[in-house]
Every structure is written in C-alpha cells, then in structure tokens.
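**Q** Residue strings, one per chain:
Number of protein chains: 2
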Amino acid sequence: MPEDRIEAGDEADVGVEADADALPAAAASRPRTPRERARAQTVADILRLGREHLALHGAAALSLRAVARDLGVVSSAVYRYVENREELLTLLLIDAYNELGDEVDAAVAAVPEADFGGRFAALGGAVRDWALREPSRYALLFGSPVPGYQAPAERTTGPGTRVITALIGILDGAFRAGRLAATGGRSPAVAAGLAGDLAKIRTEFGLAVPDDLLARGALAWTSLFGAVSFEVFGQYGAGTFTAREELFGHHLAVLADVAGLPPAGSAP
Amino acid sequence: MPEDRIEAGDEADVGVEADADALPAAAASRPRTPRERARAQTVADILRLGREHLALHGAAALSLRAVARDLGVVSSAVYRYVENREELLTLLLIDAYNELGDEVDAAVAAVPEADFGGRFAALGGAVRDWALREPSRYALLFGSPVPGYQAPAERTTGPGTRVITALIGILDGAFRAGRLAATGGRSPAVAAGLAGDLAKIRTEFGLAVPDDLLARGALAWTSLFGAVSFEVFGQYGAGTFTAREELFGHHLAVLADVAGLPPAGSAP
Numbered sequence: 001m002p003e004d005r006i007e008a009g010d011e012a013d014v015g016v017e018a019d020a021d022a023l024p025a026a027a028a029s030r031p032r033t034p035r036e037r038a039r040a041q042t043v044a045d046i047l048r049l050g051r052e053h054l055a056l057h058g059a060a061a062l063s064l065r066a067v068a069r070d071l072g073v074v075s076s077a078v079y080r081y082v083e084n085r086e087e088l089l090t091l092l093l094i095d096a097y098n099e100l101g102d103e104v105d106a107a108v109a110a111v112p113e114a115d116f117g118g119r120f121a122a123l124g125g126a127v128r129d130w131a132l133r134e135p136s137r138y139a140l141l142f143g144s145p146v147p148g149y150q151a152p153a154e155r156t157t158g159p160g161t162r163v164i165t166a167l168i169g170i171l172d173g174a175f176r177a178g179r180l181a182a183t184g185g186r187s188p189a190v191a192a193g194l195a196g197d198l199a200k201i202r203t204e205f206g207l208a209v210p211d212d213l214l215a216r217g218a219l220a221w222t223s224l225f226g227a228v229s230f231e232v233f234g235q236y237g238a239g240t241f242t243a244r245e246e247l248f249g250h251h252l253a254v255l256a257d258v259a260g261l262p263p264a265g266s267a268p
Numbered sequence: 001m002p003e004d005r006i007e008a009g010d011e012a013d014v015g016v017e018a019d020a021d022a023l024p025a026a027a028a029s030r031p032r033t034p035r036e037r038a039r040a041q042t043v044a045d046i047l048r049l050g051r052e053h054l055a056l057h058g059a060a061a062l063s064l065r066a067v068a069r070d071l072g073v074v075s076s077a078v079y080r081y082v083e084n085r086e087e088l089l090t091l092l093l094i095d096a097y098n099e100l101g102d103e104v105d106a107a108v109a110a111v112p113e114a115d116f117g118g119r120f121a122a123l124g125g126a127v128r129d130w131a132l133r134e135p136s137r138y139a140l141l142f143g144s145p146v147p148g149y150q151a152p153a154e155r156t157t158g159p160g161t162r163v164i165t166a167l168i169g170i171l172d173g174a175f176r177a178g179r180l181a182a183t184g185g186r187s188p189a190v191a192a193g194l195a196g197d198l199a200k201i202r203t204e205f206g207l208a209v210p211d212d213l214l215a216r217g218a219l220a221w222t223s224l225f226g227a228v229s230f231e232v233f234g235q236y237g238a239g240t241f242t243a244r245e246e247l248f249g250h251h252l253a254v255l256a257d258v259a260g261l262p263p264a265g266s267a268p
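Line order of the protein sequences matches chains A and B.
With our numbering, letter number 157 in the first sequence gets 157, and the count goes up by one each step, no holes.
With our numbering, letter number 143 in the second sequence gets 143, and the count goes up by one each step, no holes.
With the rest of the complex left out, here is chain A (with noise of 0.2 Å):
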C-alpha cells in the first residue's frame, strides 16, 4: 500500500492538494513517478468505493467521509485526491459517461459503417447492456438529479455527450448517403421556436440533417433512453415484460423507422 494513502491528513491540508483534472489525467497519461502512480491509485480507489457506495445508498445519500472510513483513513486524508463530495460525484459521472462511451463507440464500430441501422441497434444495445450491468451510475447519469450539486458543464458535457455524439454521427451519415427518410405517414410541422434550435444543433455539430427528421433523431434518442430507464429502474412491473430483451428489440425498430433509419443489415 502506498505510504501516502494511509498518512492521517493535516486538517489545515484540506483541498490544498486536491487535483480537479485528476482522474482525466490518470485516464489520458499513465503517471511516472512512485507518487504519481500512488496518487493515481488512491484516485481509483476512492472510485471503486464511491461506486460501490453509489449501489448501496444512492447518489444523493453519497458521503465523502463515508468513503474514506471503508478506505482506512480518516476524511481529512481524502480530502487531499478529491475536494468535497460534489468533486466525487463529478469524477464518478466523467468515470461512467466515458465507460458507457468507450461501449457505444466499441459497439457501433463493430459494424460496417454503411450500415447505418444496424449501427443504431448496436448502440442501442450497447446502452442497455451498460445500464443493466451497472445500475447505479446509469441512475447517476440518467435519474433523479441530486439535489444541491450541479454538475460542472465544463467538465461533463464532453463525456456526457459521447452517446448522442455517436448517435448524430450515423443520423447525418446516413442522411448524406441518401438513406434517411421517414417512413410514417406524416410529418408533424416543426414550430418557429424547435427550428431556431435545430438550425443551431446543425451549425455546432456540421450536420445536414433537415428539421423534421432532426427533431425526430432527438425523440428516438430520449425514447432509447426512456425504455432503457424502464426497465432498469423497474417500472415494468413483475411479470408484465418478461421478455425484455425481445420489447427493447421492438422498440429498437421502431425507433430507427422513426428516425428514418433503414432496417439493421440493410446496407447496399
């Protein structure tokens, strides 16, 4: 165990030390020094901690000082890797939106990129496989805010925006591959105000994407997320849906028709 891990902190010590960037910069650069290695180790415990004190109690039950007395040191030691608890639940958010990320983009890249519904289903698949596996911080990223912390966009929009990142990706390619177009019987009119803010999605993000179909990309990708929650957060009730999987596969066609998606396999 490194020796820094267990030294009792100096109360006048607290937060002086504490390094906001220090999980992205553990992910981004392996640490050279015996200190950097023992410091980014103590990190990743704190994590592994939070997430498990995440699963037992919730996010907005969450305790730093909790924490550090299931990591042996007293709350003052902690302090020193990460501030306060509005510090743990950022890095446990970047922690997960960038696993479940790393799973989408893995999934979606797995198929051929011409086939742009196959690819929605894999990264709807992919969501759920996450959000089934890990529970609690799908709940983190996708529940019930917690009350008193904001997350800070700066640092959570990039990771926190993976998901829909991928998702636009195959929306705009299969619009410029001429393979996006809704099928259903009509398209309701995108009011003055919705096309103001689809206008500027389609600046920020290079998109081609026209309005109606646009609009409909964002309800396909809160419809995604919405049977995701459902089933995870146990509003199904027992035995209603047994075959899950078989209602989330429906759900997934139907949802890349709306989209305007071709059917998966169905590239030419």
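Hints in this document: simulated from the structure, not taken from any laboratory.
In this text the structure is predicted, and so the values were computed from the model without any measurement.
Some hints here could point you the wrong way.
The following label-pair restraints were derived from C-beta to C-beta distances [what the hints assert, rightly or not]:
1. 129(A) with 157(B): 21 to 31 Å
2. 129(A) with 199(B): 25 to 35 Å
3. 63(B) with 113(A): 48 to 58 Å
4. 102(A) with 154(B): 34 to 44 Å
5. 242(A) with 206(B): 14 to 24 Å
Going by beta-carbon spacing under 8 Å, a handful of chain B positions derived as facing chain A [as the list claims (entries may be wrong)]:
6. 76
7. 144
8. 146
9. 159
10. 216
11. 246
12. 247
13. 250
14. 258
Note that beta-carbon positions come from the ideal geometry of N, C-alpha and C, so glycine has one too.
Given the coordinates of chain A, assemble chain B onto it according to the supplied hints.
**A** For chain B alone, kept in the frame of chain A given last:
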C-alpha cells in the same frame, strides 16, 4: 393544533398505532370524530413535510426523523402516524401517483372521446405539466430507485398504473373504433416471448389491440416518459433546446403516429 400532534410518544408505542391505510382511508372517506380529523391532519402535515424534504434532499436521503424535527415533535411521536421511512416513501408514492393520475384523467376527459389523437396529446401534456411543476415527486416515481426500498405492490400498483391504464384505454378505444393503424413503412416482427407477454396483457386488460400495435403502445408510453424525464432531469443541457414545449409537441405528434393513432383533432 390538535393535542395528539404534540404529544411526545412513548418509545414502547412505536408502530403500534401506525395505520398503513391512513392515506387512502383519509382520501376515501371524511374523518368523522375530532380524533380522526386530528389524525388525518397530522398525516397530511407529515406528507407535506415529506414532499419538502424530497425536494431538498432527494428520496434516497429522506429521513423520517428529520421530518419529525420539522413537525416539532420527537420522532417516536411521528411513528404513531407513519411507521417508518419506508412507509413515508410509500405514502409519498401513492399521493404523487394519484395526483398525477387525477390530472391525466381530467385532461383526457376534457377531450371528446372520439378524438383519440387529441386524448393522447392531452395525456402527454398533463404528464409533462405535472412533472415540471413537481420535479422531485416526479423523480420519486420515475427516477432512480431508492436503495433498500421496495414499493409494496399491493398498495402502489393501482395508483402506479393509472397513466398506462388511461393510455391503454385510448389505444383500445381507437382500435375498436377502427381508427388505430401503424402508418410506418414496416412493422418489426414480434418474437414469440414478447407475443406471450402481450397476449397476457391483452387478457388482463380485456383488450383487442393486436401484438405489433400493443408493443408500439408500450413504446409510446416509455418514450413519453423518456422525453419528460430528459427535460425534468436536465439532460438536454443548457441552451440546446430552448423551445421545449414545441419539441415536446413534435415528439407527441410523432409518438401518436408510432402508436397508430390519428392526429389530434381528427375525430370523425
């Protein structure tokens, strides 16, 4: 203030007088004696404080002891009315489900019965309005599960299925009137396990709606809550979608189409 609200409870009394059905009974019939009225008033006060604590601390951090403190009584006195934290959560669930159910029913009933698309839009709008007005109670119902708490199905299933029951009523009414048909280009196959679930649901609710349309109805249901949850839980991010009512209106129109419903206002 009724006498027994400020009576310090005897520890030996804990739970003895707790009445699991206090809330439904109070709602169903007016309390007759002064003592019954006082009791109903105290339970109502506990619920009001519970709702405030829900907003301040979140469901996972809800504490009956803290509610007692705000009520100005020792916790043993509160236990006479609400047995424990789980019971408080259950009462808050039932209370919120019923308020949501009442508002949805009223919104649906205000639209002519033959305007199936209009009734669906009214249902969706009522869910969103209530959720935006009561975000922490919405989070209790549709957000992260509360670790360690299991809602007692025999008491919460009734109130908890009012929205889906209203939605199923609209879909089945439309089908029986010959006005429910998926207009999408394709209907995904319904796998055997899912077909079994749907057959059971059809029997349980006395429905005529066939498999694909019933699965689409389930998708419209989870998607409606997916869209509301994204808005209420702050998933859209600041500035991305500013015309949220218009976005939701577009989503509802597409979802009506997904479910096979005619557009709002198109009653024959």
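**Q** Give a verdict on every hint.
**A** So, going through the hints one by one against the coordinates:
Against the hinted window of 21 to 31 Å, the Cβ-Cβ separation of residue 129(A) and residue 157(B) comes to about 29 Å, which satisfies the hint. The hinted window of 25 to 35 Å between residue 129(A) and residue 199(B) holds, with their beta carbons roughly 28 Å apart. Here the CB-CB span from residue 63(B) to residue 113(A) is close to 53 Å, well matched to the stated 48 to 58 Å. Separation of residue 102(A) from residue 154(B) is about 42 Å and conforms to the stated range, judged on CB atoms against 34 to 44 Å.
The hint said 14 to 24 Å for the Cβ distance between residue 242(A) and residue 206(B), and at roughly 20 Å that hint holds. A hinted interface residue such as residue 76(B) counts as satisfied when its beta carbon comes closer than 8 Å to some beta carbon of chain A; here the least separation is about 23 Å, so the hint is violated. Among the interface hints, the one on residue 144(B) holds; its C-beta lies about 3 Å from the nearest C-beta in chain A, closer than the 8 Å criterion. Given hint, residue 146(B) at the interface with chain A, holds; its Cβ is 6 Å from that chain's nearest Cβ, closer than 8 Å.
At about 13 Å, the closest approach between the beta carbon of residue 159(B) and any beta carbon in chain A exceeds 8 Å, and the interface hint on this residue is violated. Annotation: residue 216(B) was flagged as interfacial toward chain A, and the flag holds, the nearest CB pair being 6 Å apart, inside 8 Å. With a cut of 8 Å, the hint placing residue 246(B) at the interface with chain A holds, because the nearest CB-to-CB distance is about 4 Å. Look at residue 247(B): its Cβ gets to within about 5 Å of chain A, closer than 8 Å, so that hint holds up.
With 8 Å as the threshold, the beta carbon of residue 250(B) comes within range of chain A, its nearest partner Cβ sitting at about 5 Å, so the hint holds. Because the smallest distance between the Cβ of residue 258(B) and any Cβ of chain A comes to about 6 Å, under 8 Å, the interface hint for this residue holds.
Comparing the model with each numbered hint stated earlier shows that hints 6 and 9 do not hold.
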